[in-house]
Amino acid sequence: MRVFNYNFTLEENFPYRVYTPPQPTHFHLSPVAGYFPSASGEAVPGVVVADPAGLFVGVDLSGKLLPDFPLAVGDSLSAHPVLLDIDGDGDLELACATFDGTVYVWDFPSPVDGQHPLLWSQVYGDARNSNWEGVAPAGALQTPQSLLPEGAVYNWPNPVEEGVTFIRYRLNDEATVRIRIFDLAGDLVTEMEGPGAPFTENEVRWEVRDVQSGVYIARIEAEGQSKKEVRLIKIAVIR
1 MRVFNYNFTL EENFPYRVYT PPQPTHFHLS PVAGYFPSAS GEAVPGVVVA DPAGLFVGVD
61 LSGKLLPDFP LAVGDSLSAH PVLLDIDGDG DLELACATFD GTVYVWDFPS PVDGQHPLLW
121 SQVYGDARNS NWEGVAPAGA LQTPQSLLPE GAVYNWPNPV EEGVTFIRYR LNDEATVRIR
181 IFDLAGDLVT EMEGPGAPFT ENEVRWEVRD VQSGVYIARI EAEGQSKKEV RLIKIAVIR
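For what it's worth, this note's numbering labels the leading residue of the sequence shown as 1, then goes sequentially.
Rather than coming from a laboratory, the hints here were simulated on the basis of the structure.
Wrong hints could be hidden among the right ones.
What follows is a set of in silico ranges between Cβ atoms, one per label pair, in the way DEER data are often shown [unchecked claim]:
id	residue 1	residue 2	range
1	Ser226	Met1	34 to 40 Å
2	Glu42	Arg205	51 to 57 Å
3	Asp87	Thr190	56 to 62 Å
4	Arg205	Asp85	41 to 47 Å
5	Thr98	Lys228	32 to 38 Å
6	Thr190	Val123	42 to 48 Å
Don't be surprised by glycine CBs; every beta carbon is placed ideally from N, CA and C.
With these hints in hand, go ahead and build the complete structure from the sequences.
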């Protein structure tokens, strides 16, 4: 399972392995997303996928299995699953139907309200088939102090043993991003521009196939409307 941010960068802690050991399966049913109870009892955003055999797996955005999952119905599903408040009691239900004509409904104690909306309740998003979740990115109403938070700048994988690494950073406001990579002698190896989307992870791909083994310094500079910040990270390339 892969979860992407709204700018199509891969969410941290994903992909998540549905089967252990892995097995080839075509997941043709639409995932659903909403707020599910966590181990601490809080309502947290989660994504649920169902395989053709009727196995449901739900994970939160930290890539951990939600406590009420997995679920199974023992038969193939005849339609896409849905999230809804079927009984009007203000909390969440997950519903599905199987080929033997049985309808299954699970009741979760997490609320459905303005603070905990149905993020993606059915195939094509909602009953209007809008294909758009429409919720503002988390943190969009905040006024953070740091434009380019230090702990949110890194590359993966590190060390780099294949041919590519991804420089990832999170911005707390829209910015112009420039990346320059130096060797330990201070010589410029390459430079590039990166996306400047706010309140989500941004990524820049660096091809290292023609780069020799060693440690490199990446200088990430973000310039917004009112401030400019620079972060440095070390990237190890191993041949």
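Hints, one by one, checked against the model:
Look at Ser226 against Met1: about 39 Å separates their beta carbons, and that is inside 34 to 40 Å. Checked against the hint of 51 to 57 Å, the pair Glu42 and Arg205 fails, with Cβ atoms roughly 35 Å apart. In this structure the supplied range 56 to 62 Å holds for Asp87 paired with Thr190, their Cβ-Cβ distance being about 58 Å. Judged by the Cβ atoms, the range 41 to 47 Å given for Arg205 and Asp85 holds: they are separated by roughly 42 Å.
For Thr98 and Lys228, the Cβ-Cβ distance of about 57 Å falls outside the hinted range of 32 to 38 Å, so the restraint is violated. Between Thr190 and Val123 the CB atoms are about 43 Å apart, so this pair conforms to the stated range of 42 to 48 Å.
Taken one by one, the earlier hints fail for this structure at numbers 2, 5, listed in ascending order.
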